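Student: One-letter residues, chain by chain:
There are 2 protein chains.
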Amino acid sequence: MGSLKTGELAQQAGVNVETLRFYERKGLLPDPPRRQSGYRQYPEESVDRIRFIKRAQEVGFSLDEIRELLALRVRPGTTCSGVRQRVEQKIRDVRRKIADLEAIERALTELTASCSSRGPISECPILENLDGEFPSPREAKAKSRRP
Amino acid sequence: MGSLKTGELAQQAGVNVETLRFYERKGLLPDPPRRQSGYRQYPEESVDRIRFIKRAQEVGFSLDEIRELLALRVRPGTTCSGVRQRVEQKIRDVRRKIADLEAIERALTELTASCSSRGPISECPILENLDGEFPSPREAKAKSRRP
DNA sequence: CTACAGCCCGTACCCTAGTACGGAGTCAAG
DNA sequence: CTTGACTCCGTACTAGGGTACGGGCTGTAG
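Line order of the protein sequences matches chains D and S. Positions 1 to 147 (UniProt numbering) are the ones given, in order, by the first sequence. Positions 1 to 147 (UniProt numbering) are the ones given, in order, by the second sequence.
Just so you know, the hints here were simulated from the structure itself, not pulled from any lab data. What you are looking at is a predicted structure, and each value in this text was computed from that prediction instead of being measured. Built from N, CA and C at the ideal position, the CB exists for glycine as well. Accuracy of the hints is not assured; some may be wrong.
One side only, chain S facing chain D, incomplete, derived with CB under 10 angstroms [what the hints assert, rightly or not]:
#1 PRO30
#2 ARG34
#3 GLN36
#4 GLY38
#5 TYR39
#6 ARG40
#7 LEU63
#8 VAL87
#9 GLU88
#10 ASP100
#11 GLU102
#12 GLU105
#13 THR109
#14 LEU111
#15 THR112
Counterexamples of contact, computed for chain D against chain S with all Cβ distances above 10 angstroms [what the hints assert, rightly or not]:
#16 ARG21
#17 ARG34
#18 GLU58
My request is simple: use the sequences and hints to build the entire structure.
Tutor: The following block contains the structure:
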C-alpha cells in the first residue's frame with residue numbers, strides 16, 4: 001500500500017477530482033505512475049503537495065507562481081546562484097505580503113479597540129483606520145490634506 | 001483643486017481606467033460626485049482606497065472580501081457587537097495567512113541556506129523543504145510512513 | 001471655432017481557475 | 001458474471017476579475 005487513487009487523493013486533500021487532472025495538465029502535479037488499466041497511483045506525499053498549493057493560493061499566489069515555488073525544490077543539478085536569485089526574490093515577495101497583512105491586522109485590531117473601549121452604539125465611529133496605512137511600496141508620500 | 005478625473009486617478013493608483021468603472025459597478029469604489037458634464041470627480045483619498053484594494057488582492061482577498069473589509073470602516077450607526085464579530089473573524093483570517101506566509105518564508109530561507117553553505121553545483125540538493133511544513137489547519141496528522 | 005485628447009456608457013471579449021458532462025473502460029462485491 | 005461505484009479522456013461551461021471597443025459628448029490649446 002501507500003498509493004492513492006484519484007478519488008482518495010482528492011478526498012484527503014479536500015479538492016475535486018477534476019482539480020487534480022487540471023493541476024496535472026498545468027504541471028503543478030507531476031504525472032503519477034499508472035497501473036496497466038490507466039488508473040493513476042499517487043504517492044502519499046501528493047496530499048501535502050495539493051495542500052501546499054491551496055495554502056499558497058490563499059495567500060495570493062497564482063498557479064504559475066506556485067509552479068515556480070514548487071520548482072525551486074527538487075532540482076538535481078541546477079546552478080545554485082541561479083536558484084538563489086529567484087529564491088531571494090520570492091522571499092522578498094513573501095515578506096511584502098506579510099507586511100501588508102500585518103498592516104491590515106493592525107488596522108483591524110485598532111478597529112475593535114476603538115469599538116470596544118467606548119460602550120454602545122453611535123459612539124463607535126470606526127473611521128478610516130484602513131486608509132493610507134500602507135508604507136510598503138517603498139515610497140512615503142507626503143500627503144497634503146487641505147480642507 | 002483636490003479632485004481627480006478618472007484618468008488621473010487611474011494613473012496615480014496604477015490601474016486601468018476601465019478598472020475604476022469596474023470597481024464602481026462592484027461597489028468597491030463609491031460613486032463619486034460628477035460635474036454637470038457627467039465627468040467623475042474623485043477625492044484624493046480614492047488613490048489610497050484603490051491601492052488598498054490592490055494590496056488586499058495580492059494577499060489573497062477576493063473583491064467581495066475586500067468590499068467587506070472596506071465596509072467595516074465608515075459605519076455611522078452600526079451596533080458594535082455585530083461589527084466586532086466580523087472584525088474578529090477577519091483578524092483570524094489574516095493571522096492564518098500570515099502564519100502560512102511565514103512557513104513559506106522559512107522554507108525558502110532554509111533553501112537558500114542549504115544552497116549557499118556548500119559551494120558549487122550538484123552539491124545543492126534542495127530537497128523537500130516545502131513539503132508537509134504546514135501545521136495551520138489545526139490538526140496534526142500522524143503520518144505512518146512505511147517502506 | 002475647431003481639433004483632438006479625454007471622458008461617458010454599454011457591450012463584448014479575455015484569462016485564470018476550476019467544474020461539469022458523458023461515453024467508455026475497470027474492478028470488487030455479491 | 002453482472003452490477004454499481006469508480007476511473008479514464010476530451011470537451012464545454014462557469015465565475016471572477018478585469019480589458020477592449022466603439023460611438024457620442026466635453027473641454028481646452030491652438
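Student: Next step is simple, just say for each hint if it's right about the structure.
Tutor: Hint check results:
Proximity of PRO30/S to chain D is violated relative to the hint, the smallest CB-CB distance being about 13 angstroms (cut-off 10 angstroms). A least Cβ separation of about 22 angstroms between ARG34/S and chain D goes past the 10 angstroms threshold, and the interface hint is therefore violated. Because the beta carbon of GLN36/S sits about 24 angstroms from the nearest beta carbon in chain D, more than 10 angstroms, this interface hint is broken. Hint status for GLY38/S relative to chain D: violated, with the closest Cβ pair at about 26 angstroms, above 10 angstroms.
The closest approach between the C-beta of TYR39/S and any C-beta of chain D is roughly 22 angstroms, which is over the 10 angstroms cut-off, so the hint fails. A least Cβ separation of about 19 angstroms between ARG40/S and chain D goes past the 10 angstroms threshold, and the interface hint is therefore violated. Interface restraint check: LEU63/S against chain D, minimum CB-CB distance 13 angstroms, threshold 10 angstroms, status violated. Taken as an interface hint, VAL87/S checks out: its beta carbon lies about 5 angstroms from the nearest beta carbon of chain D, inside 10 angstroms.
Checking GLU88/S against chain D: minimum C-beta separation of about 7 angstroms stays under 10 angstroms; hint holds. For the restraint placing ASP100/S at the interface with chain D, the shortest Cβ-Cβ distance is roughly 5 angstroms, inside the 10 angstroms limit, so the hint holds. A least Cβ separation of about 7 angstroms between GLU102/S and chain D falls short of the 10 angstroms threshold, and the interface hint therefore holds. Hint on GLU105/S holds. Least Cβ distance to chain D is approximately 5 angstroms, under the 10 angstroms limit.
About 7 angstroms separates the beta-carbon of THR109/S from the nearest beta-carbon of chain D, less than 10 angstroms, and the hint is met. For LEU111/S, the interface hint holds, since its Cβ comes within 10 angstroms of a Cβ in chain D; the closest pair sits about 5 angstroms apart. Interface hint at THR112/S: satisfied, since its Cβ lies 5 angstroms from the closest Cβ of chain D, which is below the 10 angstroms cut-off. A cut-off of 10 angstroms between C-beta atoms confirms that ARG21/D is not in contact with chain S; the least separation is 22 angstroms.
The claim that ARG34/D lies off the interface holds: its Cβ sits roughly 22 angstroms from the closest Cβ of chain S, which is beyond the 10 angstroms cut-off. In this structure GLU58/D is not separated from chain S by more than 10 angstroms, as the shortest Cβ-Cβ distance comes to only about 5 angstroms.
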